[in-house]
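Just so you know, the protein sequences line up as chains L and X, in that order. Just so it is clear: in the first sequence, position 231 is 215 by this note's numbering, and no numbers are missing. Just so it is clear: in the second sequence, position 272 is 256 by this note's numbering, and no numbers are missing.
If you're looking for bench data, these hints aren't it; they were derived computationally from the structure. Among these hints, one or two may not hold up.
Which copy is meant is left open, because identical chains are indistinguishable; a pair holds if it fits in one copy or across any two.
Computed list of lysine-lysine pairs in DSBU-like fashion (alpha-carbon distance at most 35 Å, straight line) [to be verified]: (1) -6 <-> 94; (2) 130 <-> 323; (3) 93 <-> 126; (4) 282 <-> 324; (5) 274 <-> 126; (6) 321 <-> 51; (7) 130 <-> 281; (8) 130 <-> 274; (9) 321 <-> 126.
2 protein chains.
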Amino acid sequence: MQVRPIWWAKGAVMILDQRLLPWKRVYLKCTRYQQVARAIKNMAIRGAPAIGIAAAMGVALGVYNLKSNRNLEGNFDKICQTIIQTRPTARNLFWAIERMKKVFLRHKKKSLSELKQILAKEAQIILEEDVATNRQIGYHGKNLIKMGMTVLTHCNAGALATGGYGTALGVIRAAWEEGMRFQVIADETRPYLQGARLTAWELQQEGIPVTVITDSIAGYLMAQGKVDLIIVGADRIAANGDTANKIGTYTLAVLAKNHGIPFYVAAPFSTFDVNISDGCYIPVEERRGKEVIFIGKKRICPEGVNALYYAFDVTPAEYITGIITEKGIITPPYKEKIKKLK
Amino acid sequence: MQVRPIWWAKGAVMILDQRLLPWKRVYLKCTRYQQVARAIKNMAIRGAPAIGIAAAMGVALGVYNLKSNRNLEGNFDKICQTIIQTRPTARNLFWAIERMKKVFLRHKKKSLSELKQILAKEAQIILEEDVATNRQIGYHGKNLIKMGMTVLTHCNAGALATGGYGTALGVIRAAWEEGMRFQVIADETRPYLQGARLTAWELQQEGIPVTVITDSIAGYLMAQGKVDLIIVGADRIAANGDTANKIGTYTLAVLAKNHGIPFYVAAPFSTFDVNISDGCYIPVEERRGKEVIFIGKKRICPEGVNALYYAFDVTPAEYITGIITEKGIITPPYKEKIKKLK
Chain L
-15 MQVRPIWWAK GAVMILDQRL LPWKRVYLKC TRYQQVARAI KNMAIRGAPA
35 IGIAAAMGVA LGVYNLKSNR NLEGNFDKIC QTIIQTRPTA RNLFWAIERM
85 KKVFLRHKKK SLSELKQILA KEAQIILEED VATNRQIGYH GKNLIKMGMT
135 VLTHCNAGAL ATGGYGTALG VIRAAWEEGM RFQVIADETR PYLQGARLTA
185 WELQQEGIPV TVITDSIAGY LMAQGKVDLI IVGADRIAAN GDTANKIGTY
235 TLAVLAKNHG IPFYVAAPFS TFDVNISDGC YIPVEERRGK EVIFIGKKRI
285 CPEGVNALYY AFDVTPAEYI TGIITEKGII TPPYKEKIKK LK
Chain X
-15 MQVRPIWWAK GAVMILDQRL LPWKRVYLKC TRYQQVARAI KNMAIRGAPA
35 IGIAAAMGVA LGVYNLKSNR NLEGNFDKIC QTIIQTRPTA RNLFWAIERM
85 KKVFLRHKKK SLSELKQILA KEAQIILEED VATNRQIGYH GKNLIKMGMT
135 VLTHCNAGAL ATGGYGTALG VIRAAWEEGM RFQVIADETR PYLQGARLTA
185 WELQQEGIPV TVITDSIAGY LMAQGKVDLI IVGADRIAAN GDTANKIGTY
235 TLAVLAKNHG IPFYVAAPFS TFDVNISDGC YIPVEERRGK EVIFIGKKRI
285 CPEGVNALYY AFDVTPAEYI TGIITEKGII TPPYKEKIKK LK
């Protein structure tokens, strides 16, 4: 049974607290939209598609709790603004809010109770579509993985990062379901350890062989010819294919090019931001150094020493072999092909 | 006052337990050579030059505890063998044992009490020479660091990794002592966190501005033009300049080349192994995956998931801008120059 990171439960948004995985399975019951916003900000839920779903459900929840439709538009905008301000990089967050806004504007004249139902429904459709989209990504990407390969992935682009199934891990799952047998190397992905905690956990549950490495080992494995393929997720993809993803992705891409290893990004079209011409305009979140300095409650540096924590980096399109989407694999030149498919 | 990682205390080897830094300053009093071997193996003391000094002192301690010179050579070999088997990569370990063996062979006919004194003296000379050597490395390398630069270093090649002063950090210290002002970025260096724990601590004590990053951020900083110079230490350097150093060094070197950033190795000649023609023959230690899976007592992966832990990697000479030694900076072509200077 695959894990469900988020769902709508009639007037509440249920969120699996990923900060506690794999040790504890705790669900946050959010009954106010501010709680959803907080869960996004503090990374109880993370991963671009999952953030998009959470944002949509947060909007639906905000409207659900309105007592009357006095100042309806003002209240709606306030809800959206609160959620928008949680995290700056993942495109899906903005995409989901825009989609909810369109539905809101179309139906705002309806009775409040009807509007509530329509928005809650839309948020749930976004979730369901995301799972279907991931399966399509898996379908299009699965043939990249051949028997006996070693596939490296970074961070967690799995069921936990999406509505379910996953993008990069969706490709891996789809290949495994086809009977392909291979092994996966999961970068631990400091500082939040999504690879060690989440990816290893998801793959273990599927019975897919997985080995965790520290992020700094990947290069040496590539030099020894021990990595055949790299697949990662994405948080935002610019019109030219430049891709923001979890910090460390750019390093993997440079190493992959240096060693002639195919480097693929797996992402739905909701991650594409064609209004941004290239990666240098993607806002990269800088989080508090404290999240690097403490591992759990343990301080790893002397007091008074600062740390720097960019949550993402941007990989120029020239390092990317292909982008696996629900409509097929896009290969260079990206600009025209993205425009055509979008 | 600089920290002393190791010293000889008349019949005991005192070792600062680096696993507990920066939280606790605990000294291990080793009164048997097996304890010294254990301290090397379990990384209470680490860093190639410091391992060399510990090995020499371990040998001196083993002989110091002999009750008679019955089977003297057999006992000596047993001591050396025990120490040799602790860690395979650092050249200095073998270099120090060979040096102690030469002294032993030269003086083995002397009285046991004289021999004990001679060997203890030699081990202390190795330590003193190492500090002097580091100062020479600092002297030769310091002009590489210019006003306002950002210097990145990996792991800990400081006072703690040597007899004192440091190799890569020796260069940084020497530049700072000259009045140069700059900042240092320290890779945290998973899994053992030498950068976050040890390098940050040493630099903080000197008042040199230091910022800790996760290992995966370095590449993105380079892409943004935020790194001017990289200096790392070394565990073993082959005849052609190929360099084994802490895991992650190779990745930095590839990134440095990709971004046109100068990449220097700082190491004494005791780290060179001219019997090894190139890096592919350097034995790279693989440590237990458990050291990746647990951070302190906290398990970071689900139970049953394996981890891989190469303690070192090998950087081909073509990625190295120069090797800073006590006799000056060696630049390519390395082979002839190393041969001439050695």
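For each hint, the structure was consulted:
no., hint, in the structure
1, -6 <-> 94, "within (20 Å within a copy, 90 Å between copies)"
2, 130 <-> 323, "within (30 Å within a copy, 47 Å between copies)"
3, 93 <-> 126, "neither (45 Å within a copy, 72 Å between copies)"
4, 282 <-> 324, "neither (50 Å within a copy, 49 Å between copies)"
5, 274 <-> 126, "between (39 Å within a copy, 32 Å between copies)"
6, 321 <-> 51, "neither (47 Å within a copy, 81 Å between copies)"
7, 130 <-> 281, "neither (42 Å within a copy, 38 Å between copies)"
8, 130 <-> 274, "between (41 Å within a copy, 30 Å between copies)"
9, 321 <-> 126, "within (21 Å within a copy, 51 Å between copies)"
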